[in-house]
Amino acid sequence: MEELELFALGALSEDEAAALQAHVSRCEECATKLAQARGSAALLAFAAEQGRPAGTVKAELMARIRANREAERRYAWPSKIEAPDGGGSTTKPDTKRNWWNWVLVPAAVALALVSFALSWQNRRIAAELQKEQKAAESMIRDRQQVEKMVGVLASADTVTVKLAGTGDEGTASGLVKFNAKAGIVMYAADLPALPADKSYQMWLVPAGGTPISAGLLGPGGHAWGNMWTGEVPANTQAKAFAVTIEPVGGMAQPTGPKVLLGAT
Amino acid sequence: MTPQGTTGETTTDWSLLARIGQRDEEALSALYDRYSGLVFSEAKRILRDTGAAEEILQDLFYQIWRTSERFDPAKGSLAGWLLVAARNRAISKLRRRSGISEGLDENGVTLSVDVELHAAQNLLLDKVKAVMGSLPENQREALECAYFEGMSHTEIAKKTGQPLGTVKTRIRSAMEALKKVLS
Chain P
1 MEELELFALG ALSEDEAAAL QAHVSRCEEC ATKLAQARGS AALLAFAAEQ
51 GRPAGTVKAE LMARIRANRE AERRYAWPSK IEAPDGGGST TKPDTKRNWW
101 NWVLVPAAVA LALVSFALSW QNRRIAAELQ KEQKAAESMI RDRQQVEKMV
151 GVLASADTVT VKLAGTGDEG TASGLVKFNA KAGIVMYAAD LPALPADKSY
201 QMWLVPAGGT PISAGLLGPG GHAWGNMWTG EVPANTQAKA FAVTIEPVGG
251 MAQPTGPKVL LGAT
Chain S
1 MTPQGTTGET TTDWSLLARI GQRDEEALSA LYDRYSGLVF SEAKRILRDT
51 GAAEEILQDL FYQIWRTSER FDPAKGSLAG WLLVAARNRA ISKLRRRSGI
101 SEGLDENGVT LSVDVELHAA QNLLLDKVKA VMGSLPENQR EALECAYFEG
151 MSHTEIAKKT GQPLGTVKTR IRSAMEALKK VLS
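If you read the protein sequences in the order shown, they are chains P and S.
At position 119 of the first sequence the residue is numbered 119 (the numbering used here), and the sequence of numbers has no breaks.
At position 46 of the second sequence the residue is numbered 46 (the numbering used here), and the sequence of numbers has no breaks.
I should point out that these hints are in silico values taken from the structure, not numbers from a laboratory.
Among the hints, a few may not be true.
[Unchecked claim] 20 Å max Cα-Cα, derived SDA-like pairs, lysine to any residue:
1) P:K33 with S:R96
2) P:K198 with P:Q253
3) P:K162 with P:W228
4) P:K134 with P:V152
5) S:K129 with P:E49
6) P:K33 with S:E149
7) S:K129 with S:E149
8) S:K179 with S:E141
9) P:K58 with S:Q63
10) P:K162 with P:K134
11) S:K127 with P:K131
12) S:K179 with P:E29
13) P:K162 with P:R123
14) S:K180 with P:A35
15) S:K179 with P:T32
16) S:K179 with S:T67
17) P:K33 with S:Q63
18) P:K131 with P:E147
19) P:K33 with S:E106
20) S:K180 with P:Q36
[Stated by the list, open to error] Which chain S residues stay away from chain P? Per the calculated CB distances, all over 10 Å, these:
21) S36
22) E42
23) A86
24) R87
25) K93
26) L94
27) R96
28) L117
29) A119
30) P136
31) N138
32) E141
33) T154
34) P163
35) T166
Quick reminder that beta carbons are idealized off the backbone N, C-alpha and C, glycines included.
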């Protein structure tokens, strides 16, 4: 095509160049001729009057390159380009793009710190959760205990036993709610305060056998309003209930003076 | 500086380019010594400005340093790229065009002669000078307007006052004469 030479020189108009380019992209013969034309056109550079640039140009170029190398020193990839002819080229030691030192190490340290902080926080949260669970379990037990007490109080099998003061506590009084099936003894009493080393202890006196402890009332005074609960073996038949003064912590069998007594 | 040892004239452009890719400054220096004169002279011919030509020269070789991996020997010669790229940048400056999209395609330029050796370059310089000197004035003018001033055939026709067809013919004839000598 006649226009190839002009195209190679850049002398065609934009429209003409675009049309020719479109043709060349489809025509192998023209593509080859165009390549030859371009090669010839490039040699027109040899028609220019020859001169030499100032020596400072190369010096500035090399300085620019060294500055670039310094900047790249931590980041340059090892290059594996090989010359097609393998002629005489040797490689210098590669400088590696040291992402590890400048990007990954700080990132790894930051990640480790975050992980430690999260781990510590997780342990703290787990401990708080455990604490809350225990509190919830305690509340559940308390509720269950209350439900049990309410159940005992409302049960038809529950008997009420009034306790009267004996000995020096003649004015004392007490009340027992006893459910033999459940083995629950609930009681309230109006007793004077005891020394710190003493406790009031409730006893179930069975029809046969030795008294069975139904719990302690503590050393303090017990005005009406406090309901204590004790457990005894289920289906124990009670003949009477009594309260004695025992050492703090209670005894296996009554040892102290009797202050309250009531028969079923 | 005359290239010595492993950067001597027996070292091909692609060998030098490969070493430039591995940050070998000596290789770039050798490549610069090999082509700086041609590149500078072409740019200066177009711009008529030594400083501007030196700037283009330095930028082109710095570009080679930075992007050596992008040059593919299968797609053309490095010398061809240098000469066309220098021409495009100079024309762009000359005509104040934005970018170089209107310039010649810098990729895949294969020179019909080997110019890696100084002797070959010198020989080619003599040949081209002789051809240009032998061309009719109107053909040489048309060719130089197209190549060194980046003018289209329409602009050349307008400048010379010649018909468009005549300008095209003159340019083609001049190129044929050049190719004949170079072959």
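Pair hint K179 of chain S and E29 of chain P, alpha-carbon separation not exceeding 20 Å:
Status holds; Cα separation ~18 Å.
Beyond 10 Å on every Cβ pair: is that true for E42 of chain S relative to chain P?
violated, 4 Å
Are K129 of chain S and E49 of chain P close enough, with their CA atoms no more than 20 Å apart?
holds, 9 Å
Is L94 of chain S truly not at the interface, in the sense that its beta carbon sits beyond 10 Å from all beta carbons of chain P?
With a cut-off of 10 Å, L94 of chain S remains clear of chain P, as the shortest Cβ separation is near 13 Å.
CA of K33 of chain P to CA of Q63 of chain S, is that 20 Å or under?
violated, 29 Å
Minimum Cβ distance from P136 of chain S to chain P greater than 10 Å, as the annotation requires
Holds: least Cβ distance 15 Å, greater than 10 Å.
Exclusion check [K93 of chain S not at the chain P interface, CB over 10 Å]
Holds, since 15 Å exceeds 10 Å.
Does the alpha-carbon distance linking K179 of chain S and T32 of chain P stay inside the 20 Å limit?
Holds, because 15 Å separates the two Cα atoms, which is no more than 20 Å.
Would you assess whether E141 of chain S, listed as outside the interface, keeps its beta-carbon beyond 10 Å of every beta-carbon in chain P?
Answer for E141 of chain S: holds, closest chain P Cβ roughly 12 Å.
Given the hint that K179 of chain S pairs with E141 of chain S, does the C-alpha gap stay at or below 20 Å?
The given pair, whose Cα atoms are some 17 Å apart, holds under the 20 Å limit.
Below or equal to 20 Å on CA atoms is what counts here, so check K179 of chain S against T67 of chain S.
Between K179 of chain S and T67 of chain S the Cα gap is close to 32 Å, so the pair fails against 20 Å, i.e. violated.
Claimed clearance of chain P by S36 of chain S, with the beta carbon kept past 10 Å:
Violated: least Cβ distance 6 Å, not greater than 10 Å.
Of the hints listed earlier, those the structure fails to meet are numbers 1, 4, 6, 10, 11, 13, 16, 17, 18, 21, 22, 23, 24 and 33, in rising order.
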